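Enquirer: As a plain string of letters, each chain reads:
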Amino acid sequence: MARAFTPKVVTANALLEGDAIWFTQNGTWTRDIAEAELITDEAHGDLRLIEAQADQAMVAGVYLADAKAGPNGPEPVHFRETFRTRGPSNYAHGKQEA
Amino acid sequence: MYVYNDFDENFVRNRVAQFRGQVERRIDGSLTEDEFKPLRLMNGLYLQLHAYMLRVAVPYGTLNSAQMDKLAYIADKWDKGYGHFTTRQNIQYNWPELRDVPDMLSALADVGMHAIQTSGNTIRNVTADHFAGAAADEIEDPRPTAELLRQWSTDHPEFQFLPRKFKIAVTGAEADRAVTRAHDIGLRMVRNDAGEAGYEVIIGGGLGRTPMVGKVLRAFLPRADLLPYCEAIVSVYNLLGRRDNKYKARIKITVHENGLEKIQELVEQRFAHISPAFAGVDQTMLTGIEKSFAAPTYVQKSTDGFEAARLANPAFRSWSDTNLSAHKADGYAIVSISIKKHGATPGDATSDQMRVMAELARQYGHDELRISHEQNVILPHVHKSDLPAVYAALRAADLATANIGLISDIIACPGMDYCALATARSIPVAQDIATRFDALKLEHEVGPLKIKISGCINACGHHHVGHIGILGLDRAGVENYQITLGGDGTETTAIGERAGPGFGADDIVPAVERLVLGYLDLRNDADETFLQAYRRLGAAPFIAILYPEKAAKNAA
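Chains as they are written, first to last, in our numbering: chain A, 1 to 98; chain B, 1 to 556.
Simulated from the structure, these hints should not be mistaken for laboratory data.
In this text the structure is predicted, and so the values were computed from the model without any measurement.
Once the Cα atoms are required to be at most 20 Å apart in a straight line, the calculated EDC-like pairs of lysine to aspartate or glutamate come out as:
#1 B:K80 x B:D69
#2 A:K95 x B:E97
#3 A:K95 x A:E35
#4 A:K95 x A:D32
#5 B:K37 x A:D19
#6 B:K77 x A:D19
#7 B:K80 x A:D19
#8 B:K167 x B:E491
#9 B:K80 x A:E97
#10 B:K215 x B:E174
#11 B:K291 x B:D6
#12 B:K80 x A:E17
#13 B:K37 x A:D55
#14 B:K37 x A:E17
#15 B:K77 x A:E97
#16 B:K77 x A:E17
#17 B:K37 x B:D155
Stretches of chain A that chain B covers, calculated by requiring three or more beta carbons in the stretch to come under 8 Å of a beta carbon on chain B:
#18 7–16
#19 70–84
DEER-style ranges, computed between Cβ atoms:
#20 A:D41 x B:G343: 41 to 49 Å
#21 B:K165 x A:A69: 36 to 44 Å
#22 B:T32 x A:A69: 28 to 36 Å
#23 B:N245 x A:D41: 33 to 41 Å
#24 B:H156 x A:G70: 49 to 57 Å
#25 A:D46 x B:A555: 53 to 61 Å
#26 B:P541 x A:A43: 53 to 61 Å
#27 A:L16 x B:G305: 50 to 58 Å
#28 A:K95 x B:P541: 41 to 49 Å
#29 B:M1 x A:A69: 57 to 65 Å
#30 B:G21 x A:A54: 22 to 30 Å
#31 A:G70 x B:G21: 41 to 49 Å
#32 A:A69 x B:L240: 47 to 55 Å
#33 B:T435 x A:G70: 28 to 36 Å
For glycine and all other residues, C-beta sits at the position ideal for the given N, C-alpha and C.
Go ahead and model the full structure; you've got the sequences and the hints to work with.
Expert: Set out below in structure tokens:
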């Protein structure tokens, strides 16, 4: 039996600022993972990745990251992705600064 | 110090202009990320977890005050008011925006600096002993050699697409402060029995996933043969090095797989072939370069004020005991400014701190500064009578931590707080260890102890050569820290041995504390350092301290 698909979000870095961004259902980019599209189907995930990668003038380094459904929207699963939602731990810089 | 000639100036300015065009074409969509990435990496621009990162070379760790001031200016104008000094004598800016990077590079060019070849599969920033030109144990200043290598390797047409990155370090002293045995090429300036100057050439050292201590390729290379010989080494590696697997692509693997003898034979053949073409041009250039590194005009004055201040001020005495090193000139000292205040990020300096250090160099330090691979800043030439004033200024800038060479003088890579390659964080571990030992008030009693932390197997934090090395890994989605013991990055280089299973993020600081307190019980006397005790006793008693439950079970 095929392994169950882990839900995912499409994520990247913004081209100009370089910070973490996520792909929404409308095909736009958001700086809040909770507003991202949570992808629960593998084939749909592949398609969304291709569509996101086509947005070359906006973003760099597009990839699929594991995520889970939370009360307010998608949440990261792995600690690396959690760090990307807030910033480094040694200074209040990055997204946590806002 | 070396000052750019017209050729250097034009080259760097042209590169900035080229990169400005490339950035514009990326932003207007004419270049894809795949096309742009190798271009930005050639200019030291990475994309990390939260932002771009610009890595600027500090060639062989040497800076003047105007350059340090410019680094502060860049931090304020285009970053967040600080910079991170790295284990390869570079400085990294963690928050530049893409559009600003050409202006940052242009500002660097104003003071003869650049970010060229700080990334990519090229010959990287040539590093050197951070006490170069000042150390009492120095045979010869390694910086002219390092500058010659910098000029030769920068934009060298044959070496822009090597199998993998290539790092060269040079030392001219007995004590190896440049970790030469952990470099692709390590050069030790030596003299032969006839008293002639030359180099011991070491190749194939490196850390990373397959740590190896470098091997001597030539015990004595005459001074004049340096460039053709290095060119022969890199040339042989360029053809023989593996390109099928990036984890086997460094020269250490090439040497390991082919054997030192075969490499020696190929290098000598290649050397014989190319050396006539150099025709002494390189030596003429070296003579010119050497003039730029003439020793400063030392002053003669009394050091009574220094001795009096030591007696009067215990804090100054403690700082001068730990943070000063022996200088070759009478009445002078080398000052190591610790960028490792307890609880702060190792290697980070604010723009205000950079300006204070620049001003001290101008006022008291013959206008020279150095960046050490241990992520501290050095004032290489300070007269002892000026030390009380230097100390007072450092103290006012929160730069007077008296911990050089002690537990809290930790090397740590940026880890997963910034780096896209990292598997775990390093900085919080370093912060917590330093804070803990500061609270215990034990580090002066413990004495010399090097803790080095890497946030992934690539070992930018040099954990393999830490007396205590810590490697951060991802174990099933949780940060986990492995300890290695007995590593040494000096002239008695050794790769640390893995102690056993890793520790969780909450357990790593208590584990280090256990280890250090346990060492205090194991040592013969206060003069036996951690590393000496480890070498005398072997790993077993230290492992028993690290894993008390396992030791208890074995004893039962």
